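Protein chains in written order, with the working numbering: chain S, 1 to 338; chain X, 1001 to 1338; chain D, 2001 to 2338; chain U, 3001 to 3338.
Be careful, since some hints might not be right.
Said to hold, decoys possible - Partial list, computed: chain D residues near chain X (C-beta under 8 angstroms):
#: 1; residue: I2002
#: 2; residue: Q2029
#: 3; residue: V2038
#: 4; residue: L2042
#: 5; residue: A2059
#: 6; residue: V2060
#: 7; residue: S2062
#: 8; residue: T2242
#: 9; residue: Y2243
#: 10; residue: S2246
What the hints assert, rightly or not - Taking lysine-lysine and the BS3-like style, the derived pairs with C-alpha atoms no more than 30 angstroms apart in a straight line are:
#: 11; chain 1: U; residue 1: K3328; chain 2: U; residue 2: K3094
#: 12; chain 1: X; residue 1: K1036; chain 2: D; residue 2: K2328
#: 13; chain 1: S; residue 1: K328; chain 2: S; residue 2: K36
#: 14; chain 1: U; residue 1: K3036; chain 2: S; residue 2: K36
Don't read these hints as lab results, they were simulated from the structure. Given the structure is predicted, the values throughout are model-derived calculations rather than measurements. Backbone N, C-alpha and C fix where the C-beta goes; we use that ideal spot for every residue, glycine too.
4 protein chains.
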Amino acid sequence: MIVEMQAGARQDQVDAVVARARSLSCDVQLNVGTNKVVVAILGPHTGQINTDLFAVLPAVASVTRIMRPFKLASREFRQDATTVRIGDLVIGGKAVVIMAGPCSIESHEQLLATAKHVRACGATILRGGAFKPRTSPFSFQGLGVDGIEVASQVREELGIPIVSEITEPHHLEDVADRVDLLQIGARNMQNYALLRAVGESKRPCILKRGLASTVTEWLQAADYILSAGNPNVILCERGIRTYETSTRFTLDISSVAVVKRDTHLPVIVDPSHAAGHFQLVPTLARAAVAAGADGLLIEVHPDPINALSDGLQSLTFSDFASLMQELKAIAGAIGREI
Amino acid sequence: MIVEMQAGARQDQVDAVVARARSLSCDVQLNVGTNKVVVAILGPHTGQINTDLFAVLPAVASVTRIMRPFKLASREFRQDATTVRIGDLVIGGKAVVIMAGPCSIESHEQLLATAKHVRACGATILRGGAFKPRTSPFSFQGLGVDGIEVASQVREELGIPIVSEITEPHHLEDVADRVDLLQIGARNMQNYALLRAVGESKRPCILKRGLASTVTEWLQAADYILSAGNPNVILCERGIRTYETSTRFTLDISSVAVVKRDTHLPVIVDPSHAAGHFQLVPTLARAAVAAGADGLLIEVHPDPINALSDGLQSLTFSDFASLMQELKAIAGAIGREI
Amino acid sequence: MIVEMQAGARQDQVDAVVARARSLSCDVQLNVGTNKVVVAILGPHTGQINTDLFAVLPAVASVTRIMRPFKLASREFRQDATTVRIGDLVIGGKAVVIMAGPCSIESHEQLLATAKHVRACGATILRGGAFKPRTSPFSFQGLGVDGIEVASQVREELGIPIVSEITEPHHLEDVADRVDLLQIGARNMQNYALLRAVGESKRPCILKRGLASTVTEWLQAADYILSAGNPNVILCERGIRTYETSTRFTLDISSVAVVKRDTHLPVIVDPSHAAGHFQLVPTLARAAVAAGADGLLIEVHPDPINALSDGLQSLTFSDFASLMQELKAIAGAIGREI
Amino acid sequence: MIVEMQAGARQDQVDAVVARARSLSCDVQLNVGTNKVVVAILGPHTGQINTDLFAVLPAVASVTRIMRPFKLASREFRQDATTVRIGDLVIGGKAVVIMAGPCSIESHEQLLATAKHVRACGATILRGGAFKPRTSPFSFQGLGVDGIEVASQVREELGIPIVSEITEPHHLEDVADRVDLLQIGARNMQNYALLRAVGESKRPCILKRGLASTVTEWLQAADYILSAGNPNVILCERGIRTYETSTRFTLDISSVAVVKRDTHLPVIVDPSHAAGHFQLVPTLARAAVAAGADGLLIEVHPDPINALSDGLQSLTFSDFASLMQELKAIAGAIGREI
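Throw the hints in and build the complete structure from the sequences for me.
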């Protein structure tokens, strides 16, 4: 951390900065320039020290962090790439893992038909939502535990792993043993009680990026799960909020590269929520595979026109089949496989 | 809701739009232009109908909502301004209510001293946090229930009402009877389980705007609380995330006017979290009072340099005293009082 | 355009809306609901009518545009895809056209060496800047006319077409005959004098998206050039400003799909300015080709460490060679070629 | 500037950083920690050195600027507040200067009537646009030189100073002697040819903040004008682009405080363009005065319903008169005057 003093700062004000640094077990180096004093605060834990602790001291002009504030998720903490395993499946390996299915689980028939189709096309994990966080209290809120029960039946019938979202810690009781991969949604990325509960469960989980979170905050949220003892964290980019309105969110495709550089965790992309419209989903899916995503989370519905939620961004069976052909070709072109 | 068909849409495609509208109990008027057909969908509940239900139909070019998607919070639902009462205090009346105190409750001594000072300066509600949602798992997380216990003692000693944040539904057990005003923080604005629990509690509450939420989403979140039977909702603008980094968040001062126009709920402003730095807090506080805010939520600490959280944005006792003089003058100039 | 009247609007207020619509040569259809009146304003030119003309009338609650405000750039105006030709090269056809070279032209030697290398790797247009718009007046501002002279020599020696930016209308005198493709930079997307001048020149041009422009505003800027009689417009996505700081700008990869859907113009992507760092450029370039971009604009420098501008985002010769191999494979996978 | 080396950086890589710093006439101090080396680069000109010059060197992990990149506009360069004088008027002094008038000059009658009214209410500068930058080529583009001629007549008749926008350097010929205060609009904040021309003219000018510019970029743009020898620069906050759509732009009220802290230049606020709707203008105007703005730029029109541009955000004569009463009271409450 670098503390720049104001021009004309007194010696006792510099001393106060040094004293605070030492009280936090940090080393200090002073740079006395002609105009100003700059204090370098060094040590392995400076990334976790709040810059405000120095910024609040008298005659401090600015404080700049040079170590990133996330720790367990960082490449510096762990150099080898993490892979998450679900049975035989490996997320973060050579294969690009396709997770597909309806936004909401509506019935056994709907989920089973979708599962058979997406598996036949090459998807290896079935998605389906039971607990739906909705912007309006007057919207369909999902089937809840009944939806999880449906998912569990289809999982047993087809032997396909399931990913589903939970929104409250106590959902774990109903979900943990009937679902293979837990999803923490964008709105809950900073729901710390939920992060801790999923951390303690040790279950494989997807952590979606908050819709206005920086990459740094996203990785700090991952630190909550990792620090509770759960190494099985998969990051998911799903679009961020910007001023542009032609898509529901702006897919931050660069974040795939940033996350690959700065962390050891696998990262997948959700083109459906970013696009908000089925016509735009294939473009984003193709871009995500080319960018190096370790997987995709795609909404597919047997009858989008009559879906109870997110029909507009759901692919039909035939559109999904076509897209999978394209994705396989792109994966092959960059030395991966679907 | 207005559905614009694509140029060349077939009659059966227009009929499908009409049929869906009727199935949702709406009236329909067709506008057949030379180039395209436009379908107006009318009825008192169209604000709560998801536009996607029409956008997903074949040959639909666009769907535009003309009624706002929030309902119970709207001026159309209730024309008279809502006031929230806490004992003798009225929020949403002529007085601009100042709520001040430390970010985190650290000790009985700290809270009591602050309470005495801010009350002497004209604040009428004491703020103090016990459950702190923090971006990093390695930061101070608040005193929890012990902090609430401290707040409860100070409340009894001084007879000053207390506002404090809760972050999980089960906190209500510990907090509901020991605090006068519940705060739902920005990170939890779309934590629907929490919104419902606070709604069912019927307790006066502050709903902070999510840090990347639109005004519309904020009012939909208010609808969650209102629809659970709790009319005592106070909105709080606290800055939104933008590209600008000279302040922690960008205070959306216009939202005070927008909210006053579009809803019947009182609205207050938190200049401390928006600014992120004590030097900028007075400017934002003055602007908020002049803009017509019904109250302010200000962080004050006896010793900001040694505060356990948010010291940088906390005012000292003397800075707070000066600010209150300025705010009283501005309130007077616009026909209000502090 | 749809005008929603306030509940309780009087007949004369509705009449004023109708009268204004008729004065603008539009058709009108009234929808009289139980609560409110909605006026649909129809006609082929409603996209170019400012919504404020209605919003300003008494008792108008809202005005919603259903036709897009851009016209000549729209798919509705021209259904077939536009291609731009530069000699034998076609932009907007099957080939993905790679334009590569240094940010700034620094010397004949530098530009010639770069041109030979990028051409050997498969690039077909040489980029090089002479007039550099820089954020600070104290930064290197480019070689100006001397730089254009260097470009012109290299163009003659190698027979490779050149793209270069102009920032003022009078630059056309020096540039028009010595450069094959004019570039209008992001900061000048709404410099209307420049747009008109380039429009009147009829020369092929690249219109970069403004760093905080919506897709709609970008296409309205294209309308300025098109309406001056120049059909040779190539759009270029180069990243937009958001709150995220891990990259210089956030590449809006979705805009490629949106632009392909809504306009007939070719669209290319500049991964260098979006990324701001050479390590991230290849990821964005791969994503752009997979997304369907018609070309790329990439910064390459023989010695990025000593470049006079944008060294950090410039690829070395060897990194560019590797990237081109990857891009050729991806282009092949989606049925295109480089 | 602080250069952090990657863990494990070699000595020759550190040496390269030191050598580059020395080549730029900077002092260097090395901080050799247990994990990494940090190089502090010191000297009075480091604010104007591009960080990329170091970031591009091998084994550099990050580069952090601690001096701001703007120079002539900074408080460090000049400690005393700058005031801009127009005849007897002082901008940046005790008085809050109100500049009011129509968006576009439409006729002599319109401008004269408005001038008389706003002056009677307390405004001391008349605004009126002749060269209008419009998003669409199909919109009204202003009266051009004829509009300036009208402004010049009204100025002579009433003796009121005029502010008007110019969009191209050659406009100066027609405008410089007929207008008292030049305005550089938000879209042209980084039109460097225009900035230089206004700088060389030495005329008092308003520099509006770009609609997606940071405060830092705004002050760098001011440096362009100042470095051309023109000290008479007035900054103008007019709202920035964010994701929120309930107002046309989001007024960044905090920027008034930031600019007051970081520069010596006067700052005014344009509530009309930020709000985009006349109903919201008074709230923003009140907030701006309370925040400490040195002036306001407000659109007023004798007949907003029939204005040729921006009617929706223009105040009527009677609304403006009421607002001025409120503003005078607020100015008085904070020790200023209107």
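Violations among the numbered hints, reported as their numbers in ascending order
Of the numbered hints given earlier, those the structure breaks are 5, 6, 10, 12 and 13, listed in rising order.
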